[in-house]
Every structure is written in structure tokens, then in C-alpha cells.
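*Asks:* Protein chains in written order, with numbering that gives the first Met the number 0: chain A, 0 to 242; chain B, 0 to 232; chain C, 0 to 476.
Warning: the hint list may mix true and false statements.
Straight-line C-alpha distance at most 20 Å; calculated SDA-like pairs for lysine to any residue [claimed, not checked]:
1. C/Lys37 - A/Val179
2. C/Lys77 - C/Glu66
3. B/Lys111 - C/Asp179
4. B/Lys44 - C/Asp144
5. C/Lys448 - A/Val179
6. B/Lys208 - C/Lys35
7. A/Lys146 - C/Lys37
8. B/Lys208 - C/Arg26
9. C/Lys37 - A/Glu167
10. C/Lys456 - A/Ser224
11. C/Lys471 - A/His168
12. C/Lys471 - A/Glu24
13. C/Lys77 - B/Gly177
14. C/Lys438 - A/Val179
15. C/Lys37 - C/Pro19
16. C/Lys77 - B/Gly175
17. C/Lys170 - C/Gly145
18. C/Lys438 - A/Gly30
19. C/Lys175 - C/Leu196
20. C/Lys160 - B/Asp119
21. C/Lys37 - C/Lys421
22. C/Lys471 - A/Ile34
23. B/Lys208 - B/Asp73
24. C/Lys471 - A/Gly30
25. C/Lys421 - A/Gln94
26. C/Lys35 - A/His168
27. B/Lys44 - C/Lys35
28. C/Lys189 - B/Asp119
29. C/Lys421 - A/Arg60
30. C/Lys37 - B/Asp73
31. C/Lys456 - A/Leu213
32. B/Lys75 - B/Pro62
33. B/Lys208 - C/Glu375
34. A/Lys146 - A/Val117
35. B/Lys208 - C/Asp179
Treat the hints as calculated values from the structure; they're not laboratory data.
Source: prediction; values computed, not measured.
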Amino acid sequence: MNEAYFYATCLVDLFYPEAGMAGIELLQDAGVRVIFPQGQTCCGQPAFNCGYWEEAREVARTQVALFPRDLPVILPSGSCAGMMKVHYPELFHGQPDEAQVRAFSGRVYELTQYLVDVLHVKLTDLGEPVKVTWHSSCHAVRDLGLKGEPQSLLSQLSNVELAPLVREHECCGFGGTFSVRQPEISGAMSCDKAADAEATGASVILSTDGGCLLNVNGTLEAKRSPLRVQHIAEFLRERTHAR
Amino acid sequence: MSDARTAILGRLRASGETGPLPALDTAVLERRQWPAAERVVRLRKGMEAVHTEFLEATPATWPAVVRSFCDREDLKNLLFGPTSEAGAALAAAWAPGGTQLMPYDRPVEAFKDELFTGVDAGFTGTVGGIAETGGVLLMPGPAEPRLMSLVPPIHLALLWASTIQDSFWAAVKNLGWGRALPPNALMISGPSKTADIEQTLAYGVHGPKRLIVVLVDDLNQDPIHNPTMPREG
Amino acid sequence: MHAETEIHFRDAAAKALLDPQLRANFRRAMDGLITKRKAQFPDPRDLQDLRDLSTAIRSRSLLALPELLEQFEANCTKNGVRVHWAETCEQGNELILGILRSKGAKTLVKGKSMVSEEMHLNDFLESKGIEALESDLGEYIIQLDGETPSHIIMPAIHKNKNQIARQFSQKIKDAKYTEDVDELTAMARKVLRQKFLDADAGLSGVNFAVAETGTLCLVENEGNGRMSTHVPPLHIAVMGLEKVVATLEDVAPLYAILTRSATGQAVSTYFNLITAPRGAGEKDGPREVHVVILDNGRSRIYADPQLRATLRCIRCGACMNHCPVYTRVGGHAYEAVYPGPIGKILTPQMEGVGVRHDLIHGSSLCGACAEVCPVEIPIPEILVRLRREATHEDVGSNVAGRGTGRTATEDWAWRIWAGVLKRPALYRMASWFATRFGKALPASAPLIKHWTQTRSKPIPAHRSLHEQVRAKGVPHV
């Protein structure tokens, strides 16, 4: 039987649970028995990025221990998937449980990665015509090496028009603690990303990452923009399911 | 400060790892290879893109081509190296009247002001060219001093097509520069330029305002000169 | 305890962000450089191969650094080039002063050298009665205004045409006001020509130093470098000790990737190889050539296997051209000789990670820099390491200022964070509070208030995913 673990990530858990649920359902639609260990909390990235590696390890260890079976671990976040896949081995280098953590890291996938590269899902668009734009999360592309999986899913939806951002790959300014340590710079980046998105004429801006969405949404709301943000998991599920 | 030297080298040695050196895979450089005729085309394209001018010539006609250019441009004088192979050949073929050939035959201190303000153009040979990007290679020295290709506002450079190398890397190897370099050697790709003002290209900053390559087509005959040897007399 | 003299990047950045002219100038300039670089690398495989080769060459050079420096020195000496070593900028400045004084030199004309900026050489020489005049057009422009460079390749990139036109008409004798770039350039050419003629000495940097031949390789477009190094009777070159490579063949791919990465040029106007002073029979060239090799903290960086990657840098500037932070705040906001991403890792290692703690955190770790670095310096990874060094004192570390950025507040914050997140029951409680009462958190609360400067307050969902998953009966094993 096709089974896989699902890891919420703290941002999706608290701010975009509907995206998490949509991700689970997309996997279930594709015939995967999704397992959600309830003890999961956070991948530990904030502490890692700030140099508090002992604290990051403490938390990371507890996460790894929740996923003992040799099954894929799927995350609705490029940033957190990158943390678990790329940075956990760095963080646990020289630690007694390094081998165990490496084995875990080898099973980590971002959601669109898993849908496209492993499940080869075929989607049918049931929605009305809509214009969307895509924000490419930095860590998803540069850390994790996402190569167009989200776009290939969107291109399967016949009524969805993808209007690209002028600066699709430019950072939105979230950067985790960066958004509060350097609020002026972060705000400027977020403003530019929001303006870029508005200029496309899209009605929604999509991304793989909750941090990016939270950040850009905050700016859009402050500007009272009609442009919405949405996690790609939620968008895909909505489009492929009759209401 | 030998104390500084000892301290610095000591610190570097104390912390250096001695491990196997990473292998160098030069395939990316080796792939840059073209037949001789294509090398000419590429060099010309690369250099014309940065405002280099070309005059075509054959082994027999190049001195006359240089002379025509000087007449057309109404140049008062042309600085040249009388003891270089190219310079001597030019002088031998130079008809009297019109542009004066001015020999660079004494130390610069003897005529610095004149060099900076009274010379219209300089003529030098080259030891090769670079096909990949465009560029001519020079080895200044006693016969053709360094400032000839720098100070006068026009630089005429004699380039034999058979001496064009695929790339700078190939040139370094084929010319043996890694073993022996003169006090000064250089590559020139065009007239001097800058983009420091609003990233807008402006030509003729401190170096020559014009670079004219006299391209001698010697490809269809036995090359008169060994393309790997420097050209100076 | 924060170091007393901590430099707050955030403040300088905030000020720069409010300057629409600055933002427009940089955006336009960076966009141009990004486009030009991209056009030089049409084949991704070819680009990666060139990057890999360049990285390997620089790594090898660093591994053999002491031997290569000795070989370089031996060959320079054999060729008649005098080699000097300076541990600090002060030593370097004194060495240069000594050389200049030994020839009675009163005027120095400079090709472009970032190391000389690092040494604050111009100010030092001025204080000793020696005029140091910049001849690179960008450096000349900023010297007229008494400014420092805002970019390592294009020092006047923060200025637009009108600003330069106004400056030239005010500061250059008999100059009329013109915004025509060719006319402005011709003005500078005229002024500087006389300076090249008259200068007692010329100073240059070194792009690559070749050990096997004792050669200084200089990359330039304007011709001022050749003027500065060939016309005056004395040439002094300054270089960081990391600049040496083993062979002239090694230089070829580095040169190729440098010009393409820096300004999107396949090749510079001039690639000048200096191996000796005026040779026997030569009629021009300097009578004396000196090289000053500067440490200034580089050997300390070298000692750390991970941080050593910082020294691979070939000073192309591609990192800052692609940096979303640099594009918006410009180079001066960094208040450092080297701005941009390379500056963010180099400056703290030279000046102290506590003093520069804010700079180390002035990055979203987006990775755009590492993606384009020709020698694959993992800048975000090094930033995370430096954030570690700022707040901890790890055994075996020799990073300058380590631990001086630590605060009790931050220590406690992360301890509490870890305490909650490794206990599912505590996390469940915290998330229950967040989902039920999070929207009541005032926008002025700590951290929230930083968020809400430009964004609406983030409101947690009504029920967490944990709860929804439980309610839906998704299996947990």
C-alpha cells in the first residue's frame, strides 16, 4: 500500500491549516494513505538560522523520532523541506545520531515535488477561468532544488492562466526572523513583490511556502489590495474538486 | 618587514590542511576549439562588438593598407618600432611625404610631452589573437615599447590570421607564456571604454580612442611565420 | 552583551530605503548588470562547468597558499619586483609611505584598488603630504565628492548622469555643464592625462598574482591602469594575500568568468600582465615595481576550513548585483569597504562578529548570491555560521569577536522556544492559545510591532491543522 507521512510545519499548522488539509487530501486522492503523527511541532529552522544550534537540534531530534518508518515525509513548504533535507545533515554532522538523521533527510519531499516526481499526478480542472501568478520561494528553488514542479501542476489546469511576475525569483522579504529584525528592508521587498503581483492582473498569488504567503498577504492587506494569496495545495485541491 | 612575512606565513602554515588537491577538469576550456577560418570570424565579431575597426590585407598589401589609412585620416605622424619585424617592414615600404613615420627609438623620458600631445597614432605588431572573445596579444619590449599601444589616440595593430588562437587559455599554452613572460605582455580587445556614468558606454577614456586591427589573411598559404613564436626582431 | 561600538546596519538601511533617487539608480543599474551577465551564459551546463573549474582552481590555490606565496615572491624577486609583507593596514600604509618617500614622490596616481580602500590609503597619504589621485572614472567621480565607493566594480553606481554633470561643472576647472556622457568622459580624460604625465608614482591593485612566473594580472577597460603602472617611474601594487594562483593557465578561466560575472563582458578592454620593471633595452615602463601583500585578518579567516571559502572571492561583484537587499539600500548603507553579500561575510570576520551583528542578520538567506558566485562561495551557509559565532564561543573557533553578540534575552527566547517545541503537549497548549486568542495580541507587542510597520497583523486560523486532522480521523501511525 502507498503510504506517506505528512509534516504540517508550524506556519501551515497555525496560519494555513486549510492548505495542510488540502495537501493531505491531494495525496489521498492519489491513493496515498497519509499518516499524521500528532506530536509534530516545528522543523527547528528559526533557531538554526540564528545560530542556536543546540536548541535547533533538540527540537529536530524530537521531530525525527516521530517518523520512524521508512516512508516518505511530505511537507507543504519548500523552506521547511529544505531545512529537513539539506540542513539537518549539516546540523547533525558529528552527532551520535547523525546516521539516523541522514536517513530521515533522505526521505523528505516538498509536496509538489512528491506529486509530480513520484506520484506523477494527473489533474483535471473543474473551476472557472482564473488568472494567477506564481511566487517562487527562495528556499524551495535554491535550497531544495525545485525545478518547475509547481508550474507543471498549474499547467495541467486548463482554465488557469499563469501570468508571470517580472521578478519571480526575487526574495519576497520574509526570511523568517529577518522580517522582524530588519523590518524596513523586509517591508520594502514585500511591497515590491506585492506591486509586481498586482501588475500582472492576477486575482491570486500562489506559492509553496506559508512564510512567503504570510508576508505578502500582510503587505497586500495593509494596502487594502483586492489581490489574494493562496497556498498552491489549497488552490490545486479547490480547482480539482467540485464544491 | 621580514617579521610580518614570518608571522603571516607561519599562521598560514599552522592552519593549512595538507590534503589532496582537487582535480582540475579543463574540458570546459578544451571544447572551445574552432577551425582556422572560423577563428578569424569569431575574433572579428567579438572585437567589432566593442568598436574595434578592421582593415583587410594580404601579406603583400598590408604596408599599403596601413599607408592608405594614414592618408585617409590625414594623420600627421605614426609612431612605430624601427627594429621590430613589423616596424622594419613598414618603414621599408613607406613612401616619403604625407604621414611621417616617427620611430620610438629612445627612452620615453626624452620625448614624453611630445608622445602625449603630438602623436596621432601608434603602429605595433601582435603575437596572436583570441578567437573566443576577440582580442589581440602583444608582447611589448625594446623593439615596440609599452606606451605605443596606450598613449596615442589611435592604435593600429598588425594581426596575422594564422596566429589567432582559440582562447586565452590556448594562447598561454601555445605561446609558452607560463614558462617565460617579458616584463609586460597584454591582451587588447578594443578602444578604451567606461560605463561608469549611468552604465552608459563611452569610448576613448584614458587609452586609445580607436583600435584598428590590420588583419592579414595568410590562411591560404604556408604561414610565413611560426604562429607560436613571438614576432619581434 | 552587545559590543559597545556595534554598527547598526538596520538604521543606515532604513535611511537609504527612503531615498527614491538612490533606489531608482540602483534598481536600474542592477537590472542592467543582471541582464548583461545572463546574456554571457546562455548554456547552463557550460556555466556550471566553468564555475566548477574556477572553484577548484581557487580552492587549490588556497590549499597551497603559503607555498604559492613563497614561489610568487621568489619569482617576483628574480624578475626585479620588490615584495613586501604587511600584517595590518597600518603596516601596509607605512610601507607604501616609505617606498614613496625613498623616491621623493609627492604625487601618486591610482588605478583601481579595493585593497587600497580597505587600507584607507588615500587619507593616510594626504595626512603625510602626498597627493593620491584616483584615475578610474568611477573612483575619480567619487573622489571629487569626497565619497567612498558604493560597489566594488562600479564605484559611482549610485550616481546618475545629472548628479555627475553638476559635479563636473562645479569641481573641474573651466568645465561647462553637460549631461552628454561622451563629453563628460572627454573632460575626465583631459584632466587625468596631465596627472598621468606628472605623477611621481602609480598604484594598482592585483586581480590575479601568478606564482609560477611572478606576474601581476590587471583587468581594466579604461586604460588608466596601464597608464598608472607604465608611465610613472615607480609602480606599487597592493594585494590581499589570497589573490595568488599557481599558474598562468589557471588565470584563464578565472579571467573569463570574472569579466562575464562582473559586467557581462566576454573580455575586458585590457588584460595587462606585469612581470618586471623596465627591462634591459626597454624604453618605457617603471624603473621600480613593488608589491605589498596584505593580511589584515585574512590569515585568521584562512585558519577555519569552512570560513576559508570567503577567500575564494575574485571580487566580481555578481553577488551584490543580484542581492535584493543591496539593490534596495545601495553600497553606502553597509558602512564598510566591501558591501553586498561578500561584504556581509568578510566585514564581520575582519572587524568582529559582535560589532557587525546587525549586518550578519541583514540577509533573508535567499541565496541569490550563492547562485551566481563564480567560485561557489556558500554565502548563506557562512552567514548562518557567523550568526552562530556572534552568539556562541565554540571550542576551536578563532573568529574575531565571537560571542560578543550574545544577549541573555535571545538565549532565553530560544531556550523557551525549544522547551515548548520539543514537548507536544506544551505546543498543543500554545497553539490552542494562538488560534483562540492570537487575534487579540496587540499590534504593538514585541516582534509583532516590527512586523506591523508595513504589514497587517498576522491572524492565526481558528483551528490548527493538528486539530482538523484529528477531527477528520487522519491516521497518526
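*Asks:* Give a verdict on every hint.
*Replies:* Results for each hint:
1. C/Lys37 - A/Val179: violated, 33 Å
2. C/Lys77 - C/Glu66: Answer holds: C/Lys77 to C/Glu66 is near 16 Å, not above 20 Å.
3. B/Lys111 - C/Asp179: violated, 31 Å
4. B/Lys44 - C/Asp144: Between B/Lys44 and C/Asp144 the Cα gap is close to 39 Å, so the pair fails against 20 Å, i.e. violated.
5. C/Lys448 - A/Val179: holds, 8 Å
6. B/Lys208 - C/Lys35: violated, 24 Å
7. A/Lys146 - C/Lys37: holds, 19 Å
8. B/Lys208 - C/Arg26: Roughly 31 Å between the alpha carbons, so the hint for B/Lys208 and C/Arg26 is violated.
9. C/Lys37 - A/Glu167: holds, 16 Å
10. C/Lys456 - A/Ser224: holds, 15 Å
11. C/Lys471 - A/His168: violated, 36 Å
12. C/Lys471 - A/Glu24: holds, 11 Å
13. C/Lys77 - B/Gly177: The given pair, whose Cα atoms are some 15 Å apart, holds under the 20 Å limit.
14. C/Lys438 - A/Val179: The hint holds at about 18 Å.
15. C/Lys37 - C/Pro19: Violated - the C-alpha atoms of C/Pro19 and C/Lys37 are around 27 Å apart, more than 20 Å.
16. C/Lys77 - B/Gly175: holds, 19 Å
17. C/Lys170 - C/Gly145: Answer holds: C/Lys170 to C/Gly145 is near 11 Å, not above 20 Å.
18. C/Lys438 - A/Gly30: Violated, at about 37 Å.
19. C/Lys175 - C/Leu196: It is violated: about 24 Å lies between the C-alpha atoms, which goes past 20 Å.
20. C/Lys160 - B/Asp119: This hinted pair is violated, its Cα atoms lying about 31 Å apart.
21. C/Lys37 - C/Lys421: violated, 45 Å
22. C/Lys471 - A/Ile34: holds, 12 Å
23. B/Lys208 - B/Asp73: The given pair, whose Cα atoms are some 16 Å apart, holds under the 20 Å limit.
24. C/Lys471 - A/Gly30: holds, 17 Å
25. C/Lys421 - A/Gln94: The given pair, whose Cα atoms are some 18 Å apart, holds under the 20 Å limit.
26. C/Lys35 - A/His168: Given that 20 Å is the threshold and the Cα spacing comes to 17 Å, the pair holds.
27. B/Lys44 - C/Lys35: Holds - the C-alpha atoms of C/Lys35 and B/Lys44 are around 18 Å apart, at most 20 Å.
28. C/Lys189 - B/Asp119: holds, 16 Å
29. C/Lys421 - A/Arg60: Holds. C/Lys421 to A/Arg60 sits at ~8 Å (cutoff 20 Å).
30. C/Lys37 - B/Asp73: violated, 42 Å
31. C/Lys456 - A/Leu213: holds, 10 Å
32. B/Lys75 - B/Pro62: Holds, at roughly 17 Å.
33. B/Lys208 - C/Glu375: Answer violated: B/Lys208 to C/Glu375 is near 37 Å, above 20 Å.
34. A/Lys146 - A/Val117: Status holds; Cα separation ~14 Å.
35. B/Lys208 - C/Asp179: Holds, at about 17 Å.
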